[in-house]
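2 protein chains.
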Amino acid sequence: MASVSIDTINPKVLKCEYAVCGEIANIAQRLQQELQAKPDSKTFDEIVYCNIGNPQSLGQLPITFFREVLALCDHPIILDKSATQGLFSADAIGRARQILDQIPGRATGAYSHCQGIKGLRDTIAAGIEARDGFPVYPHDIFLTDGVSPAVHMIMQLLISSEKDGILCPIPQYPLYSASIALHGGSLVPYYLDEATGWGLEVSELKKQLEDAKSKGITVRAFVVINPGNPAGQVLSEDNQREIVEFCKQEGLVLLADEVYQENIYVPEKKFHSFKKISRSMGYGEDDVSLVSFQSVSKGYYGECGKRGGFMEVTGFGADLREQMYKVASVNSCSNIAGQILASLVMSPPKVGDESYESYCAERDGILSSLARRAKILEDAFNKLEGVSCNKAEGAMYLFPRIHFPEKAIKAAEAEKTAADAFYCRRLLNATGIVVVPGSGFGQVPGTWHIRCSILPQEEKIPAVVSRLTDFHKSFMDEFRD
Amino acid sequence: MASVSIDTINPKVLKCEYAVCGEIANIAQRLQQELQAKPDSKTFDEIVYCNIGNPQSLGQLPITFFREVLALCDHPIILDKSATQGLFSADAIGRARQILDQIPGRATGAYSHCQGIKGLRDTIAAGIEARDGFPVYPHDIFLTDGVSPAVHMIMQLLISSEKDGILCPIPQYPLYSASIALHGGSLVPYYLDEATGWGLEVSELKKQLEDAKSKGITVRAFVVINPGNPAGQVLSEDNQREIVEFCKQEGLVLLADEVYQENIYVPEKKFHSFKKISRSMGYGEDDVSLVSFQSVSKGYYGECGKRGGFMEVTGFGADLREQMYKVASVNSCSNIAGQILASLVMSPPKVGDESYESYCAERDGILSSLARRAKILEDAFNKLEGVSCNKAEGAMYLFPRIHFPEKAIKAAEAEKTAADAFYCRRLLNATGIVVVPGSGFGQVPGTWHIRCSILPQEEKIPAVVSRLTDFHKSFMDEFRD
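Residue numbers (UniProt numbering), protein chains in the order written: chain A, 1 to 481; chain B, 1 to 481.
Everything labelled a hint here was simulated from the structure, so no lab data went into it. Note that this is a predicted model, so its numbers are computed, not measured.
Each pair may be met inside one copy or between any two copies, as identical chains are not told apart.
With a cut-off of at most 30 Å between alpha-carbon atoms, the simulated BS3-like pairs for lysine-lysine come out as follows:
(1) Lys163 - Lys12
(2) Lys215 - Lys15
(3) Lys383 - Lys460
(4) Lys269 - Lys375
(5) Lys118 - Lys38
(6) Lys350 - Lys269
Modelling step: build the complete structure from the supplied sequences, incorporating the hints.
So this is what it looks like as structure tokens:
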């Protein structure tokens, strides 16, 4: 007797989609296995994963200081041995001691407070305060295993049924659409305007909000991703103020995905947290409910495998906080190494510390290289026939628009697939380059995009550009109307 | 405008309960702060957390070999330095190299395959195979951040509405009741029989299943915790076979919580996985759907803070596996250190390895001490007036029954609380010992229990026993009818 079948499982699971690891990524894995088995079986010699923001998988090195501290906290017994001083920097040893002192019983193998170790939350709070210039309270911080569980926790709290809506940008990072689907809510889209560099218009927000209301949907929250994923835009302060005002007026929880806060590549833009914007407008706890997400996976650190992240939750009443605490406690706590790393990225070495100079060199090397790579890839896309690509002001991706010839769209339809997915599959099979179709992020109907990360190591970028350019030319030659 | 309030949030969140970190734990935290501020303010000098299975928080040391490997994988750059050989054992260095070779690009800071690094799943599969003597396939393994997310993933898959039921033991570890509540399903209880050492009767299962059916509930799965939490029983092989047969006949997914598989303290009982039992009955993929959960948080390792765990999923069709893969991919992957540790606990040092003897000494020291502590506490409970306590054959807890005098029950009612919660609060305030009321796990109505871990360090056990005994005597003196 079959005990579980696709017909009886939760339909919300069936509805959930996550293109970043979808069909194209599966084909890539298969090709990689084929390449390993038969290195000469393809016209390319490696798979280049531009589908996902996973810097260290493409060769980015971790920040030495962070890893030193993690290793010492994993195995504190060596802190007292003299050989350790030859292997680890003095400030890493000092920091590890300081962190261990903040952990009850110095036990990095114990469950912590379910929101995270208090001393580490103190450090994170101080780091946010130094960044923003407004007070931060450690009890507002919830440390989580990367940002995904934090987003799920908030969606679980806010969504009771499909009558609960969440305003999400289109295009959006599909964690949001996936989480909304899994929790049975309704994604209420607002479209970013590609023509104005993926600008955000409050009139569009109001229109979509009214439209949702007319369908009986109560919009509970507003998602903003800044710097933007997948489109790489960085919001202006004016735009941020408009958003805060809109959320306040409409009574929406503002969910601010700020995981790319360190990834800004243009001198004319700066990162401003929504917390800072909101406080600088004079709004406090009683005015706006705001959740800000930060992760150790992005920035210059790119420590995706460590699963560290946190959210700062403000403007939620004590009774709601109690509910969040309870739900967090069901999962005991997030992993301690991720917690430690989250405290480190919010409190890196300072002037005078032994590691300060090497830390700065590593950080600046990564960020300046990312800026160069973003520019080279942007220029390359803009040189392709029928392709236009906005600047990646921040984050880790480009989201070029491709104007496909009718013939290509028809060919895709014949294969029962969207034109952008058709293009991505062709690109992968011809070059080994993995990108994600725009349909996985949402796009204005009738437009087509791809998301391509800027993360291949710099010395590989020319080859990526040349393979991409050659492929695109032959694709257009085949399908040009 | 208040944007989010307790009246508008998801009622499933409100319904969820998790007593392990509930009211008693909150009081304990407050008392601890008071003690820190004023060390002489209480009649006790420390809080003893017997409410949660968190060994290292109470002083249990980590297994050295495991931590050596983790530290080296966190900071692989030191592998090639000669000083490292003075600080780390040779087999830890070898194992770290071997693990790094299994990770694409040796990048412990990259997202892995969403089910976990393939090489580590190979190691885990081999470990289960060596334990059970039946084949294990790496694609059946899903590595997760501890077991909680794995349980949530399965509940999310199986539960569409309150018409979907999950058969759960009573008493049960409240992760299950919490997860069922969060996913909107119905917990269908089956009662363990305290009189026969928390035995499990198939007639009881059938009765509860029929009862659920008559209420329009479709039971989807059967949860078994072996060794048992909170009651510490270890199932007999005969009993396990009956359970497998029952699940097969009734078409239920068998969810086997086997996280205490290393924690067995009586020579007459052995751990047998449900996978092994099922395969030894001749049942394969098409006969029984089975999920087995294992964690790095329990056993002799007790690495709760690392958040490592996995499930082995068998008897699920390819289409269902695809859905599980998709949901796992939304969260990218579990933390790599937890993944590495999960592979280590399933493949510890072997005869001939440099660390083998010290590893065995550490492991056996912990397990034999836990066995002694279990016995001492069991005897102590059984000496208390009106208390009867079954043997802790395994796991990390005792679940003694307390026959409260009517007067105590009335006094509790006057404080609008259950008698067991009343007792726990009194115990905590008088002694600093934190235990969890049986009502948090479920119990036969009219009976009262507490769950008390066996985890305080051995040298502290006499003091725990004496404080507990004194408290109980004065409690009974106050309330004896």
